[in-house]
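Engineer: Please build the complex by placing chains B and C on the supplied structure of chain A, with the hints as guidance.
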Amino acid sequence: MRIVVDILIGGAILGAVYSLIAVGLNLQYGVTRILNVAHGDFLMIGAYLAYFCVTLLGMNAYSSIVIIGPAMFIIGYLIYSVVLRRMVKTSRSGEDLEFRSLLLCFGLSFVIQNFAMAIWTANYRGYETHSLGLLTIAGVDFEMNRIVIAAISVAINIALFLVLKFTRFGVAMRATVDQPVGSQLVGINIFTVCAISFSLGIVLAAWAGILLSILSPTINPFMGAPYTVIALVLVILAGIGSFKGNIVGGFVIGYLVYITLRVIHPSLTLVMVYGVLILVLIIKPKGLFAR
Amino acid sequence: MARRLLEAEDVSKHFGGLVALNEVSFDVLEGEILGLLGPNGAGKTTLFNVIAGTFPPSSGRVRFAGREITGLKPYKICRMGLARTFQIPKPFPTLDVYQNILSVGMFGRGRDRQGDDLKRDVDNALEQFGLADKRSTPAGDLAVFELRMLEIARALVTRPRLLLLDEAMAGLNPKETRELSRIVQGVREGGITVLMIEHNMRATMGLSDRVIVLDQGMKIADGDPNEVCKDPRVVEAYLGEAYVEC
Amino acid sequence: MKLSTFARYSPFAVFVVLAFLPSFAGTYYTALLTSVLCWIGLAVSWHFFSGTTKYVSLGTAAFFGIGVYITAVFGKSLPFPVVLLLAAAVCFVFAALVGLVTLRLRGIYFAILTFGLAELLNNAILFWETQVTGTRGRFVASMEVYYPILCITFILLVVIVILRRTRLGRGLRMIGENEEAAISYGVNTTLYKVLGFAVSSMFMGVLGAAFAPRWGYIDSGMAFSSLYSFMPAIMTLFGGAGWMVGPIVGAVVISVLQEYLLTTFKDYFLIILGAIMMIVILALPDGMTGRLMRRRPKAAPVPPAGPGAGLAAGEDE
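Residue numbers (the numbering used here), protein chains in the order written: chain A, 1 to 291; chain B, 1 to 246; chain C, 1 to 317.
Derived from the structure by calculation, the hints contain no laboratory data.
Remember, predicted model here, so these are calculated numbers, not experimental data.
With a straight-line Cα cutoff of 16 Å, these simulated EDC-like cross-link-like pairs (lysine to aspartate or glutamate) come out:
1) B/Lys76 x C/Glu180
2) B/Lys73 x C/Glu179
3) B/Lys73 x C/Glu180
4) B/Lys76 x B/Asp112
5) C/Lys54 x A/Glu95
6) C/Lys54 x A/Asp96
7) C/Lys54 x C/Glu180
8) B/Lys175 x B/Glu146
9) C/Lys54 x C/Glu179
10) B/Lys119 x B/Asp96
11) A/Lys165 x A/Asp178
Pulled out of the complex, with its shape left as it was, chain A reads as follows (with noise of 0.2 Å):
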């Protein structure tokens, strides 16, 4: 009894965060085309700011994801207005624009990650988090602050949905992600939207990333790598631009990931996920909840 509490309450925990995680990636694919192959060492860049706000200004790791995230939206748009605006420019095709985009994230990832070691080093850094107290349910024990980063990736998620369900920008957003030329045609600003999209992609990894420091202190170079995947991974459950096929897979793969944790053995779980992956791929390519 107390394994299936457990694994109901974990598997939810982490696929909570696993949506947040995966849901930046949809969006900035969905909308721009481009595909992030970066967005597990944004998240990276997320976990250590937090590190540095809590170590050296004393903050509170919850509390820092209010400043991380304007300056994450800002290194986004910059980013995309720099670099990503001229590849969009210069490519031929939808198609082109698609492969040059993945490899220059590619190089991207590996200046990120080389630049965050040579400047932080590879040593592992965490900080202290006050407990908040457990949470004792039917006998097992849990700890306050993972259910609250569920609680909060949950509310992220519902504003997100509520941005994009409601607001004209939403609108507009989502405008982008179905008909990109239509959607000009009736004077959405393409640059303006992709431009925002990426950059709320990129805020979405950076407090992931805070809240995975919350909860261990593992925080490296090269930590962004397994959630890039499973991002990725989640992007293709999903479906493009399916927000609910990001929810429902996100929690799918986070009880999948949780139960192999627990159950099975934890140098699996990217097998298991692997294996999965490849069976949607097999009989349902489109993604789960494919437009």
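Structural biologist: For chains B and C alone, kept in the frame of chain A given last:
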């Protein structure tokens, strides 16, 4: 009585809630030039895509030379002898014109040709379509009319029995249109059956032996061009468009 | 001597020269050349599929690593040529399976799947080693591998030259230029993509298997290092246009650069290489060779077409 080279039987296609084709049935007789007309959005290119295998129909069947080709992949259909052109030409942009035609010749129905035969066919095609002096030009550098010519040249070098032309005349000036008409007639004289989508009824009139008209996914007319263009249903379908001069 | 004769036989001359090099060059340069040759092999193999069809494989490290690991496991029990063949077979089959699943879909799915492949294998093998066999890392007879690498790379190049002229090579090229046209005009695109990817990966595996003895000690992290996914891509992009000249030039330049950077700026070399990759993609869409070779012999002289050229062509569509 000429053989039915292509038979479409109750072909329907929907995309989600949108019905693009609604039980369209028709035949293409061997040796004829059949025009496929209709206003914008009638489903003409969708029909081509179904026939050529780009995607399968939602229901219905297609037969080519008596053999079922419904749902087959495009490359198989091409090897059987059905070749198509695209409304927006799809050349191989960094290959030169010669290579564009040669490459395709290695894969179509004529793929078992001897190397020398193939090269000769490519050279002939270059001549026939006025591309001889553009032989070494990368296809991405060609002008619109030249690209159209290249499209047709490539389709023909696969040695098809049936050629599907998708709006080959769109946007051409009168001189180019005449040139293209001449070429299409030459293709038929060479023993190849032609099914051509055209938006422009007048241009197709003198060229086609027979004409089919689609409107909103349904076939609304089928027969002699002169009669069809006077058919009130056809006139109404084109209402608001300037192309129904007979 | 006619130019065409020269062109045809000079590679063999180069081979002969390289074969005798170790006697003159000394161990450092021989080792360097071994690496360069290996990179050439990897870059050309990568380009054969990914460069040609634009289906970006980010998983070169997976296949190279499989080769390395096969040598690690079987190197002592089987004769070397058998090990190489085994690596070739395993990689071919594995790549074909991966390809069958992903290459029917758009290129982005393929890229995503190959991205995590190396890490996946790393994990799987780590699991196997810790749980099943109880070993962690393996020792291989350490030796210089100049001659095997030289021969393999050379054979690889010859095979690719031949393949380029077959339907496979041509079909791959057509797929890269315009896949929809290719499939409409008779190319069985899925089959060709899978074959192309399998052949390309097979070569990578053989190179890995041949290169492994140089390390002496191998653990799965080393074997599947993402460096091997990154380098062939940047080399090919840097070298640019041309299916053989491009990757070779790129491989030579970048690997020599890497050597220099490793000794002077040890911590920064990957940053610099990553930055080079980004600059190349942004500013040199045709790579270095494209830039240098940019001329139109038959038409009027065109000023070096910078990135803006694509802009003019694309914007009207």
